[in-house]
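**Student:** Residue strings, one per chain:
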Amino acid sequence: MADPRIVIVGAGPAGTRAAETLVAAGLRPIVVNEAAASGGQIYRRQPPGFTRSAETLYGTEASRATAVHATFDGLVGKIEYRPETLAWNVQDGALHILHGVQASRLPFDALIIATGATDRVMPLPGWTLPGVYSLGASQIALKAQGCAIGRRVAFMGTGPLLYLVASQYVKAGAAVVAVLDTSPLSARLRALPLMAARPDVLLKGVGVMLRLRRAGVPIHLGITPVAIEGDGEVALLRATAANGTALEIACDAVGIGYHLRSETQLADLAGCTLAFDAASHQWLPVLDQDGRASVAGIYLAGDGGRILGADGAETAGKLAAYAALADLGRTVPDADIEKLRSSQRRMDRFRRGLAIAFPWPAHLAAALPDETLVCRCEAITAGELRHVATALDAPEVNRAKAFSRVGMGRCQGRYCGLAGAEIVAAARGVGVEQVGRLRGQAPVRPLPIAARVDGA
Amino acid sequence: MNEQAADVIIVGGGFMGAATAFFLRQRGRSVILLERGLIGQQASGVNFGNVRRQGRHICQLPLANRSRAIWGRLSELIGEDAEFLKTGHLRIGYRPEHIGMMEAYRDASDPYGLDLELISANQLRQRFPFLGPEAIVGSFAPHDGHANPRLAAPAFGRAARRAGATVVENAEVDTIDKVSTDFLVQTKDGRRFRAPAVQISAGAWGNRLSTRFGEPVPMIVKGPQMGVTEAVPYALTPVLGVSTKDKLEAIYLRQVTRGNIVFGGTGHGPADLDTIRARVDPAVTLHQFTQLTRFVPALAALRIIRVWSGIEGYMDDDVPVMGPSAKVPGLFYAFGFCGAGFQLGPGVGDVMAELIDTGHTSTPIEPFHISRFAAS
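Just so you know, the sequences run in chain order Z and X. In this text, residue positions in the first sequence follow my numbering: the first is 1, and each later residue adds one. In this text, residue positions in the second sequence follow my numbering: the first is 1, and each later residue adds one.
These aren't lab readings, by the way, just hints derived from the structure by calculation. Where a beta carbon is used, it is the ideal one built from N, C-alpha and C, also for glycine. Hints are supplied without guarantee of correctness; some may be wrong.
What the hints assert, rightly or not - In silico contact screen, one side only, chain Z against chain X (beta carbon under 10 Å); selected entries:
#1 His96
#2 Ala275
#3 Arg349
#4 Ala451
To be verified - Facing chain X, a subset of chain Z residues (Cβ under 10 Å, in silico):
#5 Trp88
#6 Ala94
#7 Arg105
#8 Asp109
#9 Arg376
#10 Leu392
#11 Pro395
#12 Ala402
#13 Phe403
#14 Ile449
#15 Ala450
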């Protein structure tokens with residue numbers, strides 16, 4: 001019998017460890033990676049010709065990053081690697097991929113989806129001004145190109161990435177003029193019991209905060225964003241401090257982000273069941289402890305299934321690979337798997353702690369001024385969305401999308417969808433879980449009409 | 001539990017049902033519109049949006065003309081225009097035999113006022129410079145156009161409600177029983193409705209309901225394969241279609257003023273009446289790309305951002321089911337529009353309202369009568 005055909009999407013920490021595990025079991029998986037190099041977003045490699053050290057690029061995570069890179073590099077020749085390849089659809093046991101304009105179909109016996117996460121953003125007045133970036137993009141500019149997003153940079157949002165990116169900017173010599181966090185200190189204290197599940201990570205987080213303080217970066221907790229202002233470009237960030245005083249931060253660039261959102265499109269297209277996760281306010285694929293989705297042969301690993309961070313992703317990659325192997329009738333090391341599961345349970349406690357410490361500020365969506373753009377692609381405002389939710393009686397987000405175009409543009413709701421759902425829910429006076437989620441539709445990313453089937 | 005009564009109950013709140021409800025109210029008839037999900041959510045809301053008469057069976061043209069007249073008056077009738085634009089509709093042919101086919105259709109449709117204009121290859125290039133080199137003949141319908149299917153049926157539903165119709169969404173019909181002269185309709189959640197007349201306008205699900213009354217029809221269900229590009233400057237004014245008997249090259253497209261280009265054609269995908277899901281076959285999408293660039297080569301520079309499908313009912317003779325039941329007095333049908341119902345929607349509503357209200361129609365609909373399937 002031929003070896004089973006296992007396809008992995010993504011070559012970050014989860015995809016790398018999944019591939020490593022399958023190779024160790026004597027298989028030759030196919031790894032589809034949208035980027036040119038492995039590493040994912042978190043361990044993104046610098047372009048050829050750049051010579052910064054791993055310590056410079058990844059800080060305290062340098063050894064982990066180097067290990068993931070080395071593992072992947074060691075798999076060359078043992079896997080079928082397809083870099084710069086987009087997985088744009090999945091249907092009937094086959095992944096549909098595109099490399100350049102070459103389209104092809106990859107049938108699989110098992111599919112491990114390790115597509116990671118994107119920034120979670122919350123609109124505010126002025127967020128489309130040139131000079132406003134997501135936190136992830138701010139970090140990519142630094143990691144990939146050694147560029148800062150501005151000369152006087154403010155960061156606003158919540159979550160670990162907020163502080164991490166700010167400290168990386170400080171370390172790189174950029175002027176960070178302020179860090180504004182919507183989460184109050186009290187939330188962090190409430191989350192401590194859960195976050196204590198990973199004292200090492202907690203300690204690193206405290207270290208990042210201390211470095212920012214030592215560098216003299218003002219940090220404001222419990223703020224309420226007001227607006228980003230400027231004449232054609234960012235000049236001022238306005239917010240209200242926890243004590244009610246007005247904050248006016250002069251700056252020429254702003255990085256914003258509210259923790260992360262899982263990239264669930266492929267799982268959705270594969271027909272996997274998604275359920276509302278109250279902790280993160282997101283619809284996530286329903287998974288068992290090893291990453292099995294509701295559709296046989298589909299597995300999720302890493303931030304694409306749950307935001308467990310990079311080391312959680314490594315563990316999840318191994319677990320998903322073992323799950324696929326077990327389902328294909330291979331023998332798997334039960335004791336090792338039990339250890340990995342136990343580690344994941346700890347990571348998940350921490351994840352729930354993070355969600356308490358750095359909550360998604362849903363109330364901000366409800367309070368957005370009517371004229372604020374929500375959907376950048378289609379230029380739809382909060383007011384227009386509220387109109388279709390109430391006057392046109394759209395009871396859920398797909399109906400609101402049909403009437404208003406919110407989520408119909410190039411990003412297909414990946415960036416506006418979560419805030420849009422909160423606005424619809426608030427306008428109708430129901431919980432956000434009552435207004436559903438945008439149904440996934442192919443392609444996962446814009447697909448060139450110049451694309452042609454391989455060999456056709 | 002209380003029972004609601006009206007002159008007419010409409011089962012199915014797609015475009016046909018919503019428009020019928022609206023026009024029944026125009027005639028002063030009380031009406032209850034029952035919709036399983038949301039108004040215009042199925043095929044009515046996800047089709048291409050063609051407001052096209054050109055190319056229809058000649059027997060449909062009187063109905064299409066009545067509908068076209070309403071499209072031009074939407075704003076005054078229902079308070080919004082559903083983005084209807086009279087842009088014209090251009091069909092092109094790739095081979096010499098298409099010239100004769102287009103001439104024959106122009107002549108046959110001439111009495112119906114479509115004002116079709118046949119355009120030679122050179123003229124085509126001058127007037128529509130974006131066309132590819134293979135187009136050798138065109139047929140231009142100046143009064144046709146397009147509209148937004150996501151908006152049209154829901155707009156009729158809201159207008160019907162404003163006019164006094166009882167529009168009930170999330171009401172899946174369970175049983176329809178004729179008791180003496182009335183129909184008793186019960187929904188799955190136990191609500192009961194009564195009326196002396198019932199219209200079945202349940203689209204692809206129509207056959208399941210007509211079958212209950214002993215009138216099964218030869219219908220298959222399938223899903224159109226739609227897609228849309230990113231937005232680019234508005235340049236393709238008319239709705240565009242390829243006139244051909246070869247399904248694999250039958251692509252159609254239109255650009256909305258916002259800039260996106262909507263397209264479909266060259267094949268269908270599977271659709272499921274029970275799960276209420278229809279899929280886009282990735283192979284069809286990739287094949288459509290070859291036909292899009294053959295038709296309009298500049299499209300090769302664009303990217304698509306979304307594909308979708310819907311659940312449409314196709315009759316084996318490609319003609320809808322419309323008119324009174326052949327077996328049950330007071331029962332009416334309007335379904336099975338074979339993927340070409342969007343343009344007809346307002347006209348179907350107007351004609352069905354006239355039929356239910358007066359017992360006859362001023363527009364001929366005999367070719368659509370369900371009795372045509374009874375003999376076999």
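**Student:** Of all the hints numbered above, which does this structure not satisfy? Sort the numbers upward.
**Tutor:** Violated: hints 2, 3, 8 and 9.
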